[in-house]
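Chemist: Make the full structure from the sequences, and use the hints.
2 protein chains.
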Amino acid sequence: MVKDLYPSRVNETSQIVRRQDPVIHNENARTEGPLSAEEIDFYEENGYILLKSFFQGEELQKLKQELDSTMEDHQHKEGPDIIKEPSSNEIRSIFEVHKDKSYFENLSKDERLVSIMEQILGSQVYINQSRINFKPGFKGKEFYWHSDFETWHVEDGMPRMRALSCSIVLTDNYEYNGPLMLVPGSHKWYVQTAGETPDNNFESSLQKQEVGVPDEDSMRWLVDQAGGRIDRATGPAGSVLLFESNTMHGSAGNISPYPRSNVFFVYNSIENKLEQPFSGKEPRPEFLANRENIQPIQPVSNKSTARS
Amino acid sequence: MVKDLYPSRVNETSQIVRRQDPVIHNENARTEGPLSAEEIDFYEENGYILLKSFFQGEELQKLKQELDSTMEDHQHKEGPDIIKEPSSNEIRSIFEVHKDKSYFENLSKDERLVSIMEQILGSQVYINQSRINFKPGFKGKEFYWHSDFETWHVEDGMPRMRALSCSIVLTDNYEYNGPLMLVPGSHKWYVQTAGETPDNNFESSLQKQEVGVPDEDSMRWLVDQAGGRIDRATGPAGSVLLFESNTMHGSAGNISPYPRSNVFFVYNSIENKLEQPFSGKEPRPEFLANRENIQPIQPVSNKSTARS
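So the sequences go chain by chain: A and B.
The opening position of the first sequence corresponds to residue 5 in this note's numbering, with each subsequent residue numbered one higher.
The opening position of the second sequence corresponds to residue 5 in this note's numbering, with each subsequent residue numbered one higher.
These aren't lab readings, by the way, just hints derived from the structure by calculation.
Keep in mind that the hints are not guaranteed to be accurate.
Each pair may be met inside one copy or between any two copies, as identical chains are not told apart.
Derived lysine to aspartate or glutamate pairs resembling EDC-like cross-links, with alpha carbons at most 16 angstroms apart [said to hold, decoys possible]: (1) 103 with 221; (2) 277 with 296; (3) 143 with 220; (4) 277 with 8; (5) 143 with 221; (6) 143 with 76; (7) 7 with 25; (8) 145 with 62; (9) 143 with 214; (10) 88 with 207; (11) 143 with 94; (12) 143 with 219; (13) 103 with 48; (14) 103 with 85; (15) 192 with 25; (16) 81 with 219.
Modeler: Laid out in structure tokens, this is it:
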């Protein structure tokens with residue numbers, strides 16, 4: 005059994021402890037590229053970086069089309085990996101798109117993305133989870149503050165903080181359509197949350213997380229450490245947001261007419277594969293946390309294809 | 005019976021019609037002050053204006069103290085004019101503070117405020133509604149888009165668009181703590197909403213408005229007219245936001261640690277007093293819509309007092 009470096013949900017009260025892993029896992033990250041030394045510095049310090057207009061033009065159009073047609077294809081399907089709005093039956097998320105043997109699988113292996121993940125994580129990588137998300141205008145729901153790593157560690161058995169989320173933003177994100185909010189520097193601290201994980205917690209937590217969320221005092225403390233700042237991932241469609249597995253993030257609801265959609269890949273180091281969940285509970289399903297036949301990604305070159 | 009110039013909630017579908025009243029009701033507004041011609045232009049064009057840091061220093065501190073102590077005084081009181089959070093019993097709003105025969109009554113008559121209302125509304129004015137609001141951090145609820153005038157007209161019998169809201173902001177408002185959002189220029193159009201007003205609608209509509217809210221197509225159209233822009237009332241504590249009775253506004257929830265509080269006065273022209281509600285229903289209670297003993301405000305000079 006691997007030592008639990010980040011116990012959580014084991015006490016009745018919350019506690020904040022220091023992160024025990026580096027943020028940049030590669031000594032040569034600042035000279036290797038593709039991210040510049042300044043970009044690596046920013047990511048290390050803040051726990052996220054927005055690469056504006058990473059995808060553009062025809063390639064961005066293609067991405068949007070693929071998202072729309074995948075949504076449409078799944079409209080009348082049911083399955084645990086398809087999350088629908090309880091009231092309207094509209095699709096909100098489709099998981100495991102990196103195994104579609106088609107467009108999104110190819111995108112997840114895109115060498116322009118994978119080389120950045122390798123630069124940061126200091127090893128080959130694989131996809132731990134993927135999904136496409138569609139959040140409608142007018143009725144987009146809030147998502148409360150959380151660290152993904154806390155859940156991945158406790159419920160999935162991810163041993164170390166050596167993973168990151170890559171969100172390819174497919175709609176313009178404004179201040180007023182519920183952009184992702186991030187607490188700068190929060191990835192340097194680990195909030196051991198209070199309470200215990202219920203069985204099959206994921207069945208409700210995908211819509212509203214009840215355990216594993218930080219208490220208000222911890223959140224106040226984290227925001228204080230950031231000098232009172234909360235950053236928002238606003239930018240044009242085609243931007244790519246990278247955020248560290250332990251960065252505290254959330255989003256307000258969206259009453260604007262503007263929907264938000266994105267493609268979401270979680271890259272994990274091949275040296276950080278999942279163990280048994282530290283909660284002692286059953287692992288979550290494969291579509292939420294990949295543990296079968298894990299192989300490092302062999303990057304593919306997409307750009308020429310997209311332009312052909 | 006006064007002619008209903010702004011019928012609403014009378015059809016099964018929504019419709020957008022032109023505003024039939026001026027926004028600036030005073031021919032000499034641009035030369036009279038206290039607002040400058042540029043400020044009057046901005047208000048006329050957009051339907052709101054934020055006067056940054058209107059109250060400052062000791063006067064602002066006093067305002068905050070009075071709000072806090074009024075909240076405390078009412079903590080263990082009950083009444084229809086005290087709105088509490090259903091789950092926690094915490095106070096969210098206290099109405100009718102302009103009749104407290106003390107600080108807030110005096111503030112509502114402040115000549116620095118009243119002279120602006122007279123400049124815009126072109127007559128003497130009175131307070132139609134007042135309240136202090138406290139929205140906590142972390143769990144501040146969203147408030148969906150609405151025009152106040154639509155409710156004031158249908159449920160209270162306000163004949164014309166000749167009123168405005170004055171919100172004295174007592175906390176710093178950031179992009180990320182759920183600031184009021186406004187659609188520029190929306191006050192020039194009137195959305196006749198669909199449906200019918202239930203009896204005693206106010207009992208639920210103060211927490212969540214169900215009728216009188218614009219449909220999504222109308223909201224899209226209004227935001228399109230504004231070139232896709234939605235403005236946010238962000239600024240330091242002590243700022244004063246003025247917005248026209250018919251300006252479409254709303255706010256997202258607030259998951260940040262930062263609470264929001266304000267003092268809210270609705271000034272109406274003395275020539276625009278309430279008639280019978282155009283819904284044909286019973287009028288709402290006095291604390292929501294003043295109709296008893298209406299007298300024009302005799303402005304008072306507070307600043308010297310505050311500084312003494």
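Chemist: If a hint holds in the structure, say so; if it does not, say that too.
Modeler: For each hint, the structure was consulted:
no., hint, verdict
1, 103 with 221, "neither (40 angstroms within a copy, 37 angstroms between copies)"
2, 277 with 296, "within (10 angstroms within a copy, 72 angstroms between copies)"
3, 143 with 220, "between (25 angstroms within a copy, 10 angstroms between copies)"
4, 277 with 8, "within (14 angstroms within a copy, 69 angstroms between copies)"
5, 143 with 221, "between (29 angstroms within a copy, 14 angstroms between copies)"
6, 143 with 76, "neither (20 angstroms within a copy, 34 angstroms between copies)"
7, 7 with 25, "within (14 angstroms within a copy, 72 angstroms between copies)"
8, 145 with 62, "neither (31 angstroms within a copy, 40 angstroms between copies)"
9, 143 with 214, "between (21 angstroms within a copy, 14 angstroms between copies)"
10, 88 with 207, "within (12 angstroms within a copy, 32 angstroms between copies)"
11, 143 with 94, "within (12 angstroms within a copy, 26 angstroms between copies)"
12, 143 with 219, "between (26 angstroms within a copy, 12 angstroms between copies)"
13, 103 with 48, "neither (30 angstroms within a copy, 55 angstroms between copies)"
14, 103 with 85, "within (12 angstroms within a copy, 57 angstroms between copies)"
15, 192 with 25, "within (9 angstroms within a copy, 57 angstroms between copies)"
16, 81 with 219, "neither (37 angstroms within a copy, 29 angstroms between copies)"
Comparing the model with each earlier hint shows violations of hints 1, 6, 8, 13, 16; every other hint is respected.
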